[in-house]
Amino acid sequence: MEKAMKKNLLQAYKQAPWRTQLQWIGIFLLVLVGVAVVAGVYLMISGRAAATGRRIQSLEAEISALEMEISDLKTQYAEVSSAKSLSERADALNMTMLDPLEATYIEVPGYVPPSQPVLAPPPAVEEISTPVLLPEFTASLWDWLRLRVFIEPSLPAESTESVTTESVTPAPTEVVP
Amino acid sequence: MKTTNWNRFFIICVVCSVVAGAAGIQLIRIQNIEGAKQILANSEAYQGINRVIYPERGSIYDAEGRLLAGNEVIYEVGLDLQAIEQPETVASVASSVLGLDYARVLGYTQMTPGNGNPYFVVLDGFVSKDKIAQLESIKEDYANRSTKRGEVRPNLLGLVWTANNKRSYPEGALASNILGFYSFLDRTDGIGYFGVEEAYDDLLAGEPKEVYSAIDPNLLTSLEEVPPGVTVQLTFNREIQAMTETKLDEAMEWSGAENGSIVVYDPETGEIIAMATTPRLDPNEYWNYSELFPNPKPYNSAISSTYEPGSVFKVITMAAGLDSGVVTPETTFNDTGSISVGGATIYNWNMGGWGEVDMTGCLQHSLNVCLAWLGMQLGPDRFYSYLKSFGFDRNTGIDLGGESHWPLKLPGDGLWYEVDLATNSFGQGISVTPIQMVTAIGAIANEGKMMAPHVVKAMVIDGKQYNIDPVVVGTPISAETAHTLTTMLVNSLENEASSALVEGYSLAGKTGTGEIATPLGYTNTATNTSFVGWGPAEDPKFLVYIWLEKPEISIWGSEVAAPVFSDLVSDLVVLMTIPPDNVRLAEKPGNNSLVILE
Chain A
419 MEKAMKKNLL QAYKQAPWRT QLQWIGIFLL VLVGVAVVAG VYLMISGRAA ATGRRIQSLE
479 AEISALEMEI SDLKTQYAEV SSAKSLSERA DALNMTMLDP LEATYIEVPG YVPPSQPVLA
539 PPPAVEEIST PVLLPEFTAS LWDWLRLRVF IEPSLPAEST ESVTTESVTP APTEVVP
Chain B
2 MKTTNWNRFF IICVVCSVVA GAAGIQLIRI QNIEGAKQIL ANSEAYQGIN RVIYPERGSI
62 YDAEGRLLAG NEVIYEVGLD LQAIEQPETV ASVASSVLGL DYARVLGYTQ MTPGNGNPYF
122 VVLDGFVSKD KIAQLESIKE DYANRSTKRG EVRPNLLGLV WTANNKRSYP EGALASNILG
182 FYSFLDRTDG IGYFGVEEAY DDLLAGEPKE VYSAIDPNLL TSLEEVPPGV TVQLTFNREI
242 QAMTETKLDE AMEWSGAENG SIVVYDPETG EIIAMATTPR LDPNEYWNYS ELFPNPKPYN
302 SAISSTYEPG SVFKVITMAA GLDSGVVTPE TTFNDTGSIS VGGATIYNWN MGGWGEVDMT
362 GCLQHSLNVC LAWLGMQLGP DRFYSYLKSF GFDRNTGIDL GGESHWPLKL PGDGLWYEVD
422 LATNSFGQGI SVTPIQMVTA IGAIANEGKM MAPHVVKAMV IDGKQYNIDP VVVGTPISAE
482 TAHTLTTMLV NSLENEASSA LVEGYSLAGK TGTGEIATPL GYTNTATNTS FVGWGPAEDP
542 KFLVYIWLEK PEISIWGSEV AAPVFSDLVS DLVVLMTIPP DNVRLAEKPG NNSLVILE
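Sequence order for the protein chains is A and B. Read the first sequence against the numbering used here and you will find it ends at 595, with the numbers running on by one and no gaps. Read the second sequence against the numbering used here and you will find it ends at 599, with the numbers running on by one and no gaps.
Simulated from the structure, these hints should not be mistaken for lab results. Here the structure is a predicted model, which means the values were calculated and not measured. Keep in mind that the hints are not guaranteed to be accurate.
Below are the BS3-like pairs computed for lysine-lysine, each with C-alpha atoms no more than 25 Å apart in a straight line [claimed, not checked]:
| no. | chain 1 | residue 1 | chain 2 | residue 2 |
| --- | --- | --- | --- | --- |
| 1 | B | K542 | B | K458 |
| 2 | B | K132 | A | K492 |
| 3 | B | K465 | A | K492 |
| 4 | A | K492 | B | K458 |
| 5 | A | K502 | B | K458 |
| 6 | B | K450 | B | K389 |
If we take Cβ atoms under 8 Å as the criterion, some of the chain A residues that face chain B in the derived model are [unchecked claim]:
| no. | residue |
| --- | --- |
| 7 | A483 |
| 8 | T493 |
| 9 | P518 |
| 10 | A521 |
| 11 | V536 |
| 12 | P539 |
Positions of the beta carbon are idealized from the N, C-alpha and C atoms, including for glycine.
With the hints as constraints, model all of the structure from the sequences given.
Here it is in structure tokens:
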């Protein structure tokens with residue numbers, strides 16, 4: 419009697435088998451969707467990182483090309499304004515060398531003769547070298563989690579970002595060799 | 002039924018798990034087999050490459066900041082054999098635009114890469130931008146060409162070009178003796194030869210750096226900074242250098258001289274204002290070097306050629322005599338026309354005697370006998386001690402590649418004889434370079450202080466400019482001696498009514514005619530003619546040294562080199578904005594500066 423009572427009670431509270439199956443299927447699909455979402459996000463980030471990387475490579479190549487072009491244009495400018503070229507133009511304009519005794523000299527109060535040209539570039543923004551891509555874009559999900567959870571959990575997100583610190587380089591100094 | 006469903010579900014789960022597990026195990030196994038490690042190792046080669054980046058060679062500027070040596074873009078055109086689709090088209094275009102042999106290019110394009118054949122063939126390493134523009138135009142034309150059904154669109158796949166820097170000298174041969182040249186045809190191992198390019202080769206070249214360049218965008222790191230070579234600013238002004246070269250060329254043509262050198266020097270700082278020599282090489286075509294400078298012709302005779310200077314050297318002997326107190330300007334000497342020293346007899350240039358003359362007269366008439374007597378009065382110890390103080394026993398140390406000097410014969414040497422003291426006193430039996438003479442005589446124009454001659458005014462290293470300050474390398478004579486001698490040389494030029502004079506300017510100077518030693522003795526049919534002069538006398542801003550070798554129109558320095566000095570200084574004072582004495586000495590004190598109005 420007691421046994422029968424216990425069996426009935428268990429049957430009364432037991433989940434229907436189809437319901438249990440649905441639960442298991444649901445859990446399985448949930449895990450599947452979760453994995454798919456993580457994989458999708460991971461793929462998307464990887465794709466974006468790759469595209470950004472390619473763009474950076476392209477910009478680096480462009481910088482090199484522009485630097486070469488700047489040198490080339492400076493040289494071209496020097497060629498068209500060379501002493502020989504200017505001398506020919508002066509001759510074509512019937513210009514002649516000044517006779518020092520025919521020159522008229524005047525006093526110009528406060529006139530400062532041109533000083534030695536400064537060839538050094540103006541003080542520039544100094545960039546501190548930092549990784550181009552953040553760890554978030556290059557590390558695997560596991561590595562990133564390990565970094566965040568175990569290794570540097572207290573590290574604020576800003577500190578890993580690419581930082582450009584503006585610091586003016588010292589003004590050109592004159593030294594005696 | 003219920004049990005059957007559970008069993009089915011259980012079986013599906015087990016099968017799926019087994020399949021997934023097996024796949025996982027297989028994945029792990031594949032990643033750890035020997036072949037996988039090899040593939041992994043090979044893959045690293047595709048992630049990035051280590052390459053050496055050669056920094057851009059530093060530029061060279063004149064004192065006004067005008068470019069003398071820079072870099073221009075040049076292209077390397079080659080064939081990527083794996084990418085070629087149409088060998089005939091590529092060969093046809095490449096050969097016609099680059100001026101190459103069609104059959105040879107076609108042979109390259111039809112090669113199968115690998116198995117001993119290269120993957121890449123360089124067709125031409127130095128292609129101009131114009132030709133690259135032609136190639137790009139053809140490539141674009143092919144890409145836009147409409148084709149009919151079955152027709153193949155032509156393409157230049159596999160024909161590639163990359164930009165590189167090439168050394169360029171926009172002024173051509175101007176100041177090439179100072180600049181030297183860089184062997185740019187050797188792209189990786191090029192070096193600087195002669196002049197600034199040699200003396201500052203390491204600094205100009207910069208530091209090549211081996212960097213890792215990631216191809217895998219996920220491994221990208223920040224762009225490696227490879228600083229360019231040091232930028233150098235020289236002491237000379239381009240216009241003055243051009244004018245000096247023109248004057249030298251005109252003098253060579255007029256006098257028929259074999260070679261010539263003119264050095265314009267700032268005695269106060271040691272800066273070279275101009276340095277012209279012959280011949281001059283266009284460093285853009287440096288491969289003509291051996292043709293233009295057959296051995297042993299030096300590249301820059303102003304610093305590398307030694308010669309017996311003749312009477313310009315009397316300035317040094319007189320400086321020693323005055324500074325040591327052996328003579329004063331008023332000391333007289335009875336010139337009989339000859340003097341015997343060590344068994345040899347010394348004569349004057351005209352073989353005659355000039356009677357009683359003072360020391361200014363000795364310089365004015367350039368009397369060998371008088372100066373030989375002065376040398377004897379000084380004695381070998383004092384005389385050669387002064388020559389050493391003036392730096393005639395060593396290189397000047399000018400910052401140009403290729404400087405040399407002739408060893409100074411000294412008492413005690415096997416080659417020195419007593420007569421050498423007498424002949425050395427008037428500039429024979431002693432060999433010097435023009436730059437040695439300039440440096441030594443510069444001390445007389447600079448209150449006794451001898452300055453280190455140099456051509457580099459400033460350097461830009463890592464974005465900072467470092468100016469080179471003047472360096473005193475010695476004080477061979479006192480300021481008083483320097484003033485006295487300058488006054489004597491001003492007077493001697495004016496008394497002589499020298500053709501070196503420039504109206505309106507007080508100038509000190511001395512002519513020189515040096516006989517040339519031959520295996521059969523000295524010849525007086527061919528001479529080295531020289532002139533040294535500086536001014537304005539009260540505050541020298543320039544010192545000019547002229548050497549014309551074996552002129553044909555006259556053997557005398559007073560007739561060949563002196564007029565060249567006058568002609569050059571007439572233009573030099575304009576370019577250096579030095580007003581005549583009457584204007585300059587009347588200048589009011591204060592913050593006023595004289596400028597040329599017209």
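Status of the hints after comparison with the structure:
A threshold of 25 Å between alpha carbons decides the hint, and for K542 (chain B) with K458 (chain B) the separation of about 17 Å falls inside it, so the pair holds. Annotation: proposed proximity of K132 (chain B) to K492 (chain A) holds, straight-line Cα distance about 21 Å (limit 25 Å). A distance of roughly 20 Å separates the Cα atoms of K465 (chain B) and K492 (chain A); the hinted pair therefore holds under the 25 Å criterion. At most 25 Å may separate the alpha-carbon atoms for a hinted pair to count; K492 (chain A) and K458 (chain B) meet this at roughly 21 Å.
Taken as a hint, the K502 (chain A) and K458 (chain B) pair is honoured in the structure, with Cα atoms around 24 Å apart against an allowance of 25 Å. Taken as a hint, the K450 (chain B) and K389 (chain B) pair is honoured in the structure, with Cα atoms around 14 Å apart against an allowance of 25 Å. Proximity of A483 (chain A) to chain B holds as hinted, the smallest CB-CB distance being about 6 Å (cut-off 8 Å). The interface hint given for T493 (chain A) holds, since its Cβ lies 4 Å from the closest Cβ of chain B, which is under the 8 Å cut-off.
Checking P518 (chain A) against chain B by beta carbon gives a least distance of about 5 Å; that is within 8 Å, so the hint holds. Satisfaction of the interface hint for A521 (chain A) is found here, the shortest Cβ-Cβ separation to chain B being roughly 5 Å, below the 8 Å cut-off. Given the 8 Å rule on beta carbons, the hint for V536 (chain A) holds: about 6 Å separates it from the nearest Cβ of chain B. Annotation: interface hint on P539 (chain A) holds; nearest CB of chain B at approximately 5 Å, less than 8 Å.
In this structure, every one of the numbered hints holds.
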